[in-house]
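Build out the structure end to end from the sequences listed, making use of the hints.
Under numbering that gives the first Met the number 0, the first residue of the sequence shown carries the number 0, and numbering increases by one thereafter.
One or more of the hints may lead you astray.
[To be verified] Restraint ranges, calculated between C-beta atoms of paired labels, are given here:
#, residue 1, residue 2, range
1, Gly78, Thr136, 12 to 20 Å
2, Thr123, Met82, 36 to 44 Å
3, Ser80, Gly127, 17 to 25 Å
4, Thr119, Arg84, 22 to 30 Å
5, Asp77, Arg109, 27 to 35 Å
6, Gly94, Thr123, 14 to 22 Å
7, Asp77, Arg125, 14 to 22 Å
8, Asp76, Thr115, 30 to 38 Å
9, Ser52, Ser80, 21 to 29 Å
10, Asp77, Asp132, 34 to 42 Å
In case anyone wonders, no lab produced these hints; they're calculated from the structure. All C-beta atoms in this analysis are idealised placements derived from N, C-alpha and C, irrespective of residue type, glycine included.
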Amino acid sequence: MNLRLIGLCAVLILTACSRTPPAAPQASDGWVRLAPPGTNVNAGYLRLHNNTSQPLRCDGADTTDFGAAEIHRTVVDDGQSRMLREQVIEVPPHGSAELAPGGYHLMLFRPQKALTVGDTVSVTLRCGETAVDAVLTVRAA
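This is how it looks when you write it as structure tokens:
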């Protein structure tokens, strides 16, 4: 009897340990373009992965490394490039979105310290009830 109970407990423990945790959105490949000296604005880039079965809508970003962070998008109209402040980045279920030069990106205003190549910056994307943390590495322009 005791041997059966021990075996049952072992099976239950192993089953509980082997369950895959729920899928969650993730950020990867994050980087910040080093701005010229005296500039108070940097651009941040990353890849946003939606590992869930529901669309992901990110409507803002927070960081303690800068005074403010906003989602922007570069557009070209009649050969002129300009930036638009975007309200939302949408990522389809099991899809990804890239924040990259020439497209969606993070505008990071008023760095809290002087940045150098190799430094890291922490950003949290607000995606409804979900917060997606990202680490961005500073790269040369």
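A quick look at each hint next to the structure:
1. Gly78 - Thr136: 12 to 20 Å: violated, 33 Å
2. Thr123 - Met82: 36 to 44 Å: About 22 Å separates the Cβ atoms of threonine 123 and methionine 82, which means 36 to 44 Å is violated.
3. Ser80 - Gly127: 17 to 25 Å: Violated: the Cβ-Cβ distance is about 31 Å, outside 17 to 25 Å.
4. Thr119 - Arg84: 22 to 30 Å: At 25 Å between Cβs, range holds.
5. Asp77 - Arg109: 27 to 35 Å: This hint holds: roughly 32 Å between Cβ atoms.
6. Gly94 - Thr123: 14 to 22 Å: holds, 21 Å
7. Asp77 - Arg125: 14 to 22 Å: Hint violated: Cβ distance 33 Å, outside 14 to 22 Å.
8. Asp76 - Thr115: 30 to 38 Å: holds, 36 Å
9. Ser52 - Ser80: 21 to 29 Å: Since the Cβ atoms of serine 52 and serine 80 sit about 36 Å apart, the hinted range of 21 to 29 Å is violated.
10. Asp77 - Asp132: 34 to 42 Å: Roughly 39 Å apart at Cβ, these two residues keep to the hinted range, so it holds.
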